[in-house]
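Here are the chains, one letter per residue:
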Amino acid sequence: MRRLVSDTLIIAERNLVRLPRSPDLLLAFTVQPIMFLLLFRYVFGGAIDTGGIPYVEFLVPGIVVQNIAFGGFVTALGLNEDVHKGLIDRFRSLPMARPAVLGGRTLADVATNVLSMTVLIVTGLLIGFSFHASVLDIVGGILLLLLFGYAFSWVFALVGLLVSSPESANSAGFIAIFPLTFISSAFVPVSSMPPVLQAFAKVNPFTIVVDAMRALWIGTPAGNYVWEAVLWSLVILAVFAPLAVARYRRTASR
Amino acid sequence: MPSAPETPGFSTSPSTSTSTSTTHTAERLDTELAIVVRGLVKSYGSVRALAGVDLDVARGTVVGLLGPNGAGKTTVVRVLATLLMPDAGTATVAGLDVVRDAAQLRQQIGLAGQYAAVDENLTGLENLTMVGRLYGARRSVAKRRGQELLERFDLVEAATRPTKNYSGGMRRRLDLAAALVAKPPVLFLDEPTTGLDPRSRLSLWETIEGLVAEGTTVLLTTQYLDEADRLADSITVIDHGLVIAQGTSDELKDRVGGERLEIRLDDPADAEAAVRALAPMADDAPKAQGEIVAFGVRTRSGVIVEAVRRLSGERVGVDDITVRRPTLDDVFLALTGHAAQEPDEQDEEAAA
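For the record, the sequence lines run as chains A and B. Taking the numbering used here, the leading residue of the first sequence gets 104, the next gets one more, and so forth. Taking the numbering used here, the leading residue of the second sequence gets 1360, the next gets one more, and so forth.
Think of the hints as simulated: they come from the structure by calculation, not from any bench. Cβ coordinates follow ideal geometry from the N, Cα and C atoms, glycine included. It cannot be assumed that every hint is accurate.
Heads up, incomplete: computed chain A residues facing chain B, CB under 10 Å, no partners named [claimed, not checked]:
#1 ILE114
#2 VAL120
#3 LEU122
#4 SER125
#5 GLU184
#6 ASP185
#7 GLY189
#8 LEU190
#9 ILE191
#10 MET199
#11 THR323
#12 GLU331
#13 ARG350
#14 ARG353
No farther apart than 16 Å at their CA atoms in a straight line, the calculated lysine to aspartate or glutamate pairs in the EDC-like style are these [what the hints assert, rightly or not]:
#15 B:LYS1523 with A:GLU184
#16 B:LYS1502 with A:GLU116
#17 B:LYS1542 with B:GLU1573
#18 B:LYS1646 with B:ASP1629
#19 A:LYS188 with B:GLU1479
Excised from the complex, chain A in its bound form (with noise of 0.2 Å):
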């Protein structure tokens, strides 16, 4: 146990060290995150009816959580480098905690979200965000979205094990992550969607999710969703989580 921690943090040190000498990476936690944020804002959010809260106030709970659950992006496309370069190999010949690749990595992941979710939220506050919330609940939102964002890392190292190159982990994100993101409450009420969407959005966990940040940020009806979003985290992790250590240990580099 005690190995699995510090190998752990051995891990998640390579994958930090590593961040300040990729310019491109840092870009994609910071600028990409306001530029989405700016465009819907204004771009979007005049065209949007959002029941008398302002489209920013709306807005702002919905894209921390897209944008967290992205965050575990750099999990596929580092897995899969590291099982193409060899690394794998490297590191599953070595006598340390067999989690720990995955467990460092999602670690990491943490941190750059925190990142990331730092300046999406100052962001916020520039162009008009308000929390409407005590600091318990903005607290509260805060860590709940840190763990939403650390169940999809799992399912992000999952798929960076599975998927054959780099690209095919990007598009398989891709494809993955926008219907599911797009057809919830994170950017438009759901009931101005189709009754299908509807159906799909309403049981969608991002809606839930995202519900769960409006009613701890901004003070909307709080209902079960706080609680729902919690265990629809712990569920993810509890799924995804052994299925991609599981193929981990089978996983050999290419």
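Got chain A sorted already, so can you dock chain B onto it with the hints?
Okay, now just chain B, sitting in the frame of chain A:
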């Protein structure tokens, strides 16, 4: 240094029911052999990569595993390095079973692969320090060991540069250094010099020779016959997942026997005619590769004159003609029926 197996004879438990002399042999295996492989089988789907490989490697020696693409060389290394579970058969390394004692065994081995498996975004020192810590060393200890290795591998100046800026040779050296971080008694080198320029190859060879002089046991896979000739104390040739020959380089060359006559034709189109004309004087069937026709002869005397006479009788022009001792290439050709692969084709195996 290699630690004695925790349960002596553990790896040879099947021998308990056999005679004492077998048991005696088994004990000897444990103490003198670093690697013992028996009846190793591994299939990928319907493809049989290993069809029952046996292999012994004595402590402190270099065994070269030689074979064409897809022969199973890399699969053997993967099984021995605990990366792959065999379907059948047993293998022990440093007295530890590759399946049951895998966790312990990983403390005893170093692996340098076909790719230079280093993190491109980390510096040379960061890479080695990370590997050292993953072996369980403290950061300061791992860092000191890393610096030691960088010095030894002539990488000190590049120590603080990210490895993506390294040359191919530098990366291979760093990869080898990473395999040596824990001073493992057994080292697996899977095509260590593939794709390197001649100067880098030579310097890597010298490094490997230095390691062996210190008592490290090395299992080396290669398609370069000169590499096996130079580095390996003993050579195992595998093809289609089976060992087809074992011995020292000289022993294998003696198996081909006699002298080799090699003729370079003026025109490769004449190769077929040349093979026909030369067959009566050849010890084995002459083989043509492009404009080169080669075959074995029993004695040196008179063979050049006879070959030229036969060829000019068929109006085949000769550019050059030589008699020489067989090389490992000839051994390979004689044993497998095909030549050792061209280096270019190795990428295909890597991609497969």
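Right, here's what the structure says about each hint:
Here the hint on A:ILE114 is kept, as its CB sits about 8 Å from the closest CB of chain B, short of 10 Å. For A:VAL120, the shortest C-beta to C-beta distance to chain B is roughly 6 Å, which falls under 10 Å, so the interface hint holds. Interface restraint check: A:LEU122 against chain B, minimum CB-CB distance 9 Å, threshold 10 Å, status holds. Using the Cβ-Cβ criterion of 10 Å, the hint placing A:SER125 at the interface with chain B is satisfied: the shortest such distance is roughly 6 Å.
With 10 Å as the threshold, the beta carbon of A:GLU184 comes within range of chain B, its nearest partner Cβ sitting at about 9 Å, so the hint holds. The beta carbon of A:ASP185 comes within 8 Å of a beta carbon in chain B, closer than 10 Å, and the hint placing it at the interface holds. Interface restraint check: A:GLY189 against chain B, minimum CB-CB distance 4 Å, threshold 10 Å, status holds. The beta carbon of A:LEU190 is positioned within 10 Å of a beta carbon in chain B (closest approach about 5 Å), and the interface hint is therefore held.
Proximity of A:ILE191 to chain B holds as hinted, the smallest CB-CB distance being about 8 Å (cut-off 10 Å). Contact between A:MET199 and chain B, as hinted, is supported at the beta carbon level, the nearest pair being about 4 Å apart and thus within 10 Å. The interface hint given for A:THR323 is violated, since its Cβ lies 42 Å from the closest Cβ of chain B, which is over the 10 Å cut-off. Hint status for A:GLU331: violated, given a least beta-carbon distance of 39 Å to chain B, over 10 Å.
Taking 10 Å as the C-beta contact cut-off toward chain B, the hint placing A:ARG350 at the interface is violated, the least distance being around 14 Å. At about 9 Å, the closest approach between the beta carbon of A:ARG353 and any beta carbon in chain B falls short of 10 Å, and the interface hint on this residue holds. Distance restraint check for B:LYS1523 and A:GLU184: the Cα-Cα separation of roughly 14 Å lies within the 16 Å cut-off, and the hinted pair is therefore satisfied. Proximity of B:LYS1502 to A:GLU116 is assessed by CA-CA distance (about 15 Å); at most 16 Å being required, the pair is judged to hold.
Taken as a hint, the B:LYS1542 and B:GLU1573 pair is honoured in the structure, with Cα atoms around 11 Å apart against an allowance of 16 Å. Straight-line distance between C-alpha atoms of B:LYS1646 and B:ASP1629 comes to about 13 Å, which keeps the hinted pair within the 16 Å bound. In summary, the hint linking A:LYS188 to B:GLU1479 is supported, as the alpha carbons are separated by about 9 Å, within the 16 Å threshold.
Comparing the model with each numbered hint stated earlier shows that hints 11, 12, 13 do not hold.
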